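The hints should help you fit chain Y with the ligands onto chain S, whose structure is shown.
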Amino acid sequence: MIKFIIKGLLRDKHRSRLPLIVVAIGVMLTVLMTTWITGVLGDSINLNAKLSTGHVKVITKAYRESMDQIPVDLSLTGTKALITELKKDYPSASWVERIQFGGLLDLPDENGETKSQGPFAGIAVDLFNPSSGEAERLNLNRILVNGRLPSASGEILVSHSFAEKLGISINDRVTFIGTTMYGGMTIVNFTVAGTIRYGITALDRGSVIMDISDARNALEMEDACNEILGFTDVEYYDDSKASELMESFNDSYASDNDQFAPVMIRLRDQNDLGGLIDMMSGVVGIVSFVFILVLSVVLWNAGLIGGLRRYGEVGLRLAMGEEKGHIYRSMIAESLAIGTAGSVIGIALGLSLSYLLQQKGLDFSSAMQNATMLMPGVFRTRITPEAWYIGFIPGIIATVLGTMLAGIGIYKRQTARLFKELQS
Amino acid sequence: MKNTEIISVNSLTKRFPMGLGEFTALNGIDLTITKGEFSGVVGPSGSGKTTLLNIIGLLDNPTDGDAVILGSSSRALSVREAAILRRKHLGFIFQTYNLLPVYTVFENAEFPLLLLKMTAGERKRAVLDALEWVGLSDKVGSKPAQLSGGECQRVAIARAMVKRPEIVLADEPTANLDAENSHHILRTMLKLNEDLKTTFLFATHDDKVISYLKRKITLIDGKVSRDETIIR
Ligand SMILES: Nc1ncnc2c1ncn2[C@@H]1O[C@H](COP(=O)(O)OP(=O)(O)OP(=O)(O)O)[C@@H](O)[C@H]1O
Ligand SMILES: [Mg+2]
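Protein sequences appear in the order of chains S and Y. Note that the first sequence covers residues 1 to 424 in this note's numbering. Note that the second sequence covers residues 1 to 232 in this note's numbering.
With the rest of the complex left out, here is chain S (with noise of 0.2 Å):
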């Protein structure tokens, strides 16, 4: 009897295409949403892991509570040593220190005078290990606009728009006014470098990167910093391996009740991150959901259409002894194989497409010129494990409940009026 069916499906070019072509390309965009999103909301999430977040951070309790203000007061001390430990501990994990500061930047006239000035928020990063891979990390070389990297102590970058604004060029000397960890004032002469755009307004505004040996000088943070970032080994943010992560460092600090005791959060503690996460997590539903809705309402005329023509099928069988449920469910059957089919062909068509965008990318950051949120600029999709099953959701769930749908009409008929159809 399924032979005979699919026989049947396999002849009927009208029975079939139509659903087949519908399904397939309702999975399609299912999968290319699920990917698309996936992967704009990973890379969002990865800028905000390489830039500020890490997918964890150490940090020191009393920071932990004003962690906007990122005072370098509150600093973890005896740094060296807690990197030590955490390689040791967590050998497969990556461990960058960080100092993240605020302070005002001076471009001075030939006099000394001020010429102008302005607050900057400052990351100071390993750059001359390259080991570190911190340069990769924030993608000095590409971001770079004027100038070059610092290569020496006492260079710094400064991002491009604040340079314009503050009429600084390459190789101005400026000078940096801040506080020390100790809480006294601070003034030390760098020289800028070059200039860098991230794309992103929030960072674009007034940003400076400095190697982490200098910044230690000009703050008096000699063996401390303020973040401790870790990378795990997989290249998109894993909250369940950051959740690990954190609840076995924090369990082995537990008993410690400093203020200045190290403690670990995560990416999805921090920038409001978590709620992007859980997002991402729930995308894939809302997609499938929509799609299966669309689909389905889209199949059951299909299916009506289909249904139509078949009365007289219906009636026949019916004649000959079948009984209604059971041609119910051979249609359903029938939905079932079409389903199957198309959601195959719309996944491959998907993922294959899905993949160019990978491999590729959309490049919009001429068009992100002023977002403010830290969104990257080049688009990617993300194929992920269950990119290559989900469409199989509204692909059958959709073809089966639009054939479920169009087929009560059928079963709902009376034997005799089937009947007399075959009788017109």
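Hint data in this document are derived by calculation from the structure and do not stem from the laboratory. These numbers come from a predicted model, not from an experiment. Glycine included, C-beta positions come from ideal geometry on N, C-alpha and C. Treat the hints with care, as some may be off.
[To be verified] On the chain S side, residues computed to face chain Y include the following (Cβ under 7 Å): (1) Arg11; (2) Leu316; (3) Glu322.
[Said to hold, decoys possible] Label pairs and their computed distance ranges (CB to CB): (4) Y:Leu20 <-> S:Gly409: 24 to 34 Å; (5) Y:Pro44 <-> S:Thr340: 45 to 55 Å; (6) S:His326 <-> Y:Thr229: 32 to 42 Å; (7) Y:Ser225 <-> S:Ile305: 39 to 49 Å; (8) Y:Arg15 <-> S:Ile408: 27 to 37 Å; (9) S:Leu405 <-> Y:Glu22: 29 to 39 Å; (10) S:Leu405 <-> Y:Arg80: 19 to 29 Å; (11) Y:Glu22 <-> S:Asn301: 33 to 43 Å; (12) S:Gly409 <-> Y:Glu194: 25 to 35 Å.
Frame of chain S; chain Y with the ligands shown alone:
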């Protein structure tokens, strides 16, 4: 002779709702058909022939009275039991042949056997036999669209006969056929009736069909007005 009684219709009435009232299509029919008959219900259009055949074929229910088919009362049968009885013992032939267009001649004739869950070997033998009866052994792999009307109706006869049912109900089987094809299929059915002892019941107003009948039951306005046995 009660044991050869294969169809028995008792005070059968069928009313259809029509507008605010009802329309009486069959009005107190009494009829008995014995095994092996080759009989037909004849009468003018609208006299209730199809309605009667549908009730005998367990496709419709009587309003009053009863039809007893192969010992089972249509009133007592559940929908499921009626389907099983149709599947095993009843064959239908329609005015429009109602072949499934995507299937071959062989597959169309095979369909009733699929419902009976016969093995592929049994099915093949039965289908080839049935196609031989109707003279279509050389069209096994053709699709309905490639056949003439007469050939289509012969496939429909093979489909009705393939399971060797007790009763074949044929509603205007010749209405779409020319004289030559009509005589061809009627001779075929008569031969099957004689060889296999299958009971045939026609509904028709075609004189060609009537000329083959061994019993002519005339229906007028939902009532049996005449019931004649014809000796040939
Ligand atoms: N489902 C129905 N609802 C209402 N009236 C019906 C229904 N089926 C049949 N009738 C009416 O019952 C009467 C008998 O119909 P039936 O089809 O049995 O006639 P018939 O003898 O087969 O006619 P024909 O020779 O034209 O096929 C007709 O007047 C028809 O309009
Ligand atoms: Mg009729």
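What are the numbers of the hints that this structure violates, sorted from low to high?
12
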